[in-house]
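Number of protein chains: 2
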Amino acid sequence: MKNLIVGQSGGPTAVINSSLYGVIQEAFLHTDEIENVYGMINGIEGFLKGKYTDLRAEMPPETLQALRITPGAYLGSCRYKLPEDLNDTVYPELFNRFRELNIGYFFYIGGNDSMDTVSKLSRYATEHREEIRIIGIPKTIDNDLINTDHTPGFGSAAKYVAASVCEIGIDASVYDTKSVTIVEIMGRHAGWLTAAGVLARKFKGDNPVLIYLPETDFDQEQFIADVQKAFQSKNNLVVCVSEGIHDKTGKFICEYENEAGTDTFGHKMLTGCGKYLENLVKSRLNVKVRSVELNVNQRCSAFAQSLTDSREAAKAGSFGVTAALKGETGKMVSFIRDNSVSYDISCGLVDVDEVCNKEKCVPLSWITGNGTDISQEFIDYALPLIQGNPAIPMKSGLPNYAYRK
Amino acid sequence: MKNLIVGQSGGPTAVINSSLYGVIQEAFLHTDEIENVYGMINGIEGFLKGKYTDLRAEMPPETLQALRITPGAYLGSCRYKLPEDLNDTVYPELFNRFRELNIGYFFYIGGNDSMDTVSKLSRYATEHREEIRIIGIPKTIDNDLINTDHTPGFGSAAKYVAASVCEIGIDASVYDTKSVTIVEIMGRHAGWLTAAGVLARKFKGDNPVLIYLPETDFDQEQFIADVQKAFQSKNNLVVCVSEGIHDKTGKFICEYENEAGTDTFGHKMLTGCGKYLENLVKSRLNVKVRSVELNVNQRCSAFAQSLTDSREAAKAGSFGVTAALKGETGKMVSFIRDNSVSYDISCGLVDVDEVCNKEKCVPLSWITGNGTDISQEFIDYALPLIQGNPAIPMKSGLPNYAYRK
Numbered sequence: 001m002k003n004l005i006v007g008q009s010g011g012p013t014a015v016i017n018s019s020l021y022g023v024i025q026e027a028f029l030h031t032d033e034i035e036n037v038y039g040m041i042n043g044i045e046g047f048l049k050g051k052y053t054d055l056r057a058e059m060p061p062e063t064l065q066a067l068r069i070t071p072g073a074y075l076g077s078c079r080y081k082l083p084e085d086l087n088d089t090v091y092p093e094l095f096n097r098f099r100e101l102n103i104g105y106f107f108y109i110g111g112n113d114s115m116d117t118v119s120k121l122s123r124y125a126t127e128h129r130e131e132i133r134i135i136g137i138p139k140t141i142d143n144d145l146i147n148t149d150h151t152p153g154f155g156s157a158a159k160y161v162a163a164s165v166c167e168i169g170i171d172a173s174v175y176d177t178k179s180v181t182i183v184e185i186m187g188r189h190a191g192w193l194t195a196a197g198v199l200a201r202k203f204k205g206d207n208p209v210l211i212y213l214p215e216t217d218f219d220q221e222q223f224i225a226d227v228q229k230a231f232q233s234k235n236n237l238v239v240c241v242s243e244g245i246h247d248k249t250g251k252f253i254c255e256y257e258n259e260a261g262t263d264t265f266g267h268k269m270l271t272g273c274g275k276y277l278e279n280l281v282k283s284r285l286n287v288k289v290r291s292v293e294l295n296v297n298q299r300c301s302a303f304a305q306s307l308t309d310s311r312e313a314a315k316a317g318s319f320g321v322t323a324a325l326k327g328e329t330g331k332m333v334s335f336i337r338d339n340s341v342s343y344d345i346s347c348g349l350v351d352v353d354e355v356c357n358k359e360k361c362v363p364l365s366w367i368t369g370n371g372t373d374i375s376q377e378f379i380d381y382a383l384p385l386i387q388g389n390p391a392i393p394m395k396s397g398l399p400n401y402a403y404r405k
Numbered sequence: 001m002k003n004l005i006v007g008q009s010g011g012p013t014a015v016i017n018s019s020l021y022g023v024i025q026e027a028f029l030h031t032d033e034i035e036n037v038y039g040m041i042n043g044i045e046g047f048l049k050g051k052y053t054d055l056r057a058e059m060p061p062e063t064l065q066a067l068r069i070t071p072g073a074y075l076g077s078c079r080y081k082l083p084e085d086l087n088d089t090v091y092p093e094l095f096n097r098f099r100e101l102n103i104g105y106f107f108y109i110g111g112n113d114s115m116d117t118v119s120k121l122s123r124y125a126t127e128h129r130e131e132i133r134i135i136g137i138p139k140t141i142d143n144d145l146i147n148t149d150h151t152p153g154f155g156s157a158a159k160y161v162a163a164s165v166c167e168i169g170i171d172a173s174v175y176d177t178k179s180v181t182i183v184e185i186m187g188r189h190a191g192w193l194t195a196a197g198v199l200a201r202k203f204k205g206d207n208p209v210l211i212y213l214p215e216t217d218f219d220q221e222q223f224i225a226d227v228q229k230a231f232q233s234k235n236n237l238v239v240c241v242s243e244g245i246h247d248k249t250g251k252f253i254c255e256y257e258n259e260a261g262t263d264t265f266g267h268k269m270l271t272g273c274g275k276y277l278e279n280l281v282k283s284r285l286n287v288k289v290r291s292v293e294l295n296v297n298q299r300c301s302a303f304a305q306s307l308t309d310s311r312e313a314a315k316a317g318s319f320g321v322t323a324a325l326k327g328e329t330g331k332m333v334s335f336i337r338d339n340s341v342s343y344d345i346s347c348g349l350v351d352v353d354e355v356c357n358k359e360k361c362v363p364l365s366w367i368t369g370n371g372t373d374i375s376q377e378f379i380d381y382a383l384p385l386i387q388g389n390p391a392i393p394m395k396s397g398l399p400n401y402a403y404r405k
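Protein chains in written order, with the UniProt record's numbering: chain A, 1 to 405; chain B, 1 to 405.
With the rest of the complex left out, here is chain A:
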């Protein structure tokens, strides 16, 4: 009988631990095929240093259940890129460790870069006839993986963004004076998360009135004109911008601010495009301006976790385990949407070599209003993903998350 090992990699999400839950609980069911269940600490990088844990020993049922609602990466994560050259010494080093632990099943929960790891390991395993099945479980708030309807982690982040933008709109509207509030949202190259700001609108004309994604070029003069036009019908404007908006030469808008000056310590100032646009509006229009960077909470908050997202993340994990047990390797679990009656997701498998290092952007046809708005198609696509609130067990008034000390 072989053992299983699972790791997490890349940035945290609200539901990466839900996928971990899916892998573990499915593995625990197959006591006839899987002996030990190990977790890599800090992904492949920690594993190379000999860091792993026996999950059956450290995971009582209540901790396993708490994983379902715990944001972040319970096992710790890493940003470690395996060498392109499969003849590098790191590969035999890794597979020696796998052999020592009698690993037959390897699961890696992550985004683009993590799928690159899955691709390299599975190609190495094939070349060297290593008896280990290697499966990737997708996760990223960016929703930029190809060959899957969406990625686990996006739904909860989108819900956090939509709910936060809605509340920022409420906050911005309490005074009767003209104001612009710029909300900077994560997404360097793909605007999926920023587009989710549109879900905050409760009625036609409601905030956010302007939404800018990195899929199109951003023109500063046009932006000022857009804001002035929006003031014709509304006093308090909320504007969503992706951190990765750029001009037509490809220069990021945040780079304009960062060129401006140095901080107290003589270093280049590093701020985002939200701060830059705040200063731009302040210098050009005589109105109150504020910028809000949603920052890390958009990827690590379980306040606004989507039950749909959390369930799908767990499903992806358990589907990966059953696929590996059937002999699959070198695959990433994907989501296939069935909209024929109502929203339904089934899991599939795609070749991980095709997925890694590619990026799925928001279709240009879903970006409307000359790059200032988001179409109904996006709303129809995203709305099912933010549905439902998981019951969060509380302790002393705060969520009772699972953690390793």
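For the record, the hints were derived by calculation from the structure and aren't laboratory data.
What you are looking at is a predicted structure, and each value in this text was computed from that prediction instead of being measured.
Careful: at least some of the hints might be erroneous.
Just so you know, same-sequence chains aren't split out, so a pair can sit in one copy or run between any two.
With a cut-off of at most 25 Å between alpha-carbon atoms, the simulated SDA-like pairs for lysine to any residue come out as follows [as the list claims (entries may be wrong)]:
1) K405 / A230
2) K358 / A125
3) K234 / Y80
4) K229 / Q387
5) K51 / N3
6) K395 / N339
7) K51 / D176
8) K234 / D54
9) K229 / E131
10) K282 / F252
11) K395 / R311
12) K229 / M394
13) K204 / A57
14) K251 / R290
15) K202 / P390
16) K81 / P92
17) K51 / A230
18) K315 / R337
19) K49 / D176
20) K204 / E377
21) K81 / N147
22) K395 / T308
23) K234 / G50
24) K358 / N112
25) K81 / I146
26) K202 / Q65
27) K282 / G272
Fit chain B to the supplied structure of chain A, relying on the hints for placement.
Frame of chain A; chain B shown alone:
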């Protein structure tokens, strides 16, 4: 029979509308004593421009119920200070409007400045024998009003801060590399909300490892030494700072950054102390640093609304109405804590003249570790205030808040 008018003033909170709910539903019960129930739009400032609404007409039961969980200020708010001179023409102007609407009961939900309005109006009314009873309902996330155990709005903001700091700690700890994350929290003069960061700790030694309030002086060299010491036992540090921290000369730490340079448009750069400390740590220690400004969401989010806070806010509103009906005027509703068996709050009345324009700070004896930590007394004080989660009605996956178009 007289009419009632209610207004909201100052910055939004998660539960200011809960107090509005309390006032309205109590007023609706006394059909034998109160005829119409009006709402000022944008507080006293909007009312002076003739802006008010008939709440019985615009408030169906479902909207009234939705008020209980809706953050922000449903009626709109203002920052309007009445003249010190009670002989100013604005006073007869206001009282003429009250007389025109046959107002017998005036309620103002707000913080320090709003209590100043309540004080001035009630003194004017007494001097001029105006037959109108004037009551203040406290609210502020800052918790800085005197003569009350705490203020409605603080509990929910404290819960938001504690839950966010906890999640930021989870996010910061996923990688194995040394890092400092600085969380900047609202509170210019009083550190109550920043102190609530301590509630995020799940075990001894957990984040946040350092907490700095504006009640004590902040020394930059000592801060660097504190961080270095904390690294001896932990790799990923979360530090909470109040926006109002200052050095021993009284100079705000954020002013250091703002002196640094100008933005792209030649204006003084305006950032907070979190950004400054991020740059300070970066320049002195060779570690990853990030700063997170919790920003407006800490005062306007219902994600982490405290049921205790929401219920108490409503209770303060309804208590104010019954007090006015009994003949009280010139008072602010206060909270009196009974800890004899378990946490219990009853409402009282305090002289509004004594409350306004004063500030309650965190007791120095509750600040420990040479100004870097918070004592158990604070935890015992604050923990009951963040208990319970109200059921939030959802629509399309997002909270279904009450709103005026």
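Run the structure past the numbered hints and jot down the numbers of the failing ones, going up. Result: hints 4, 9, 12 break, sorted rising.
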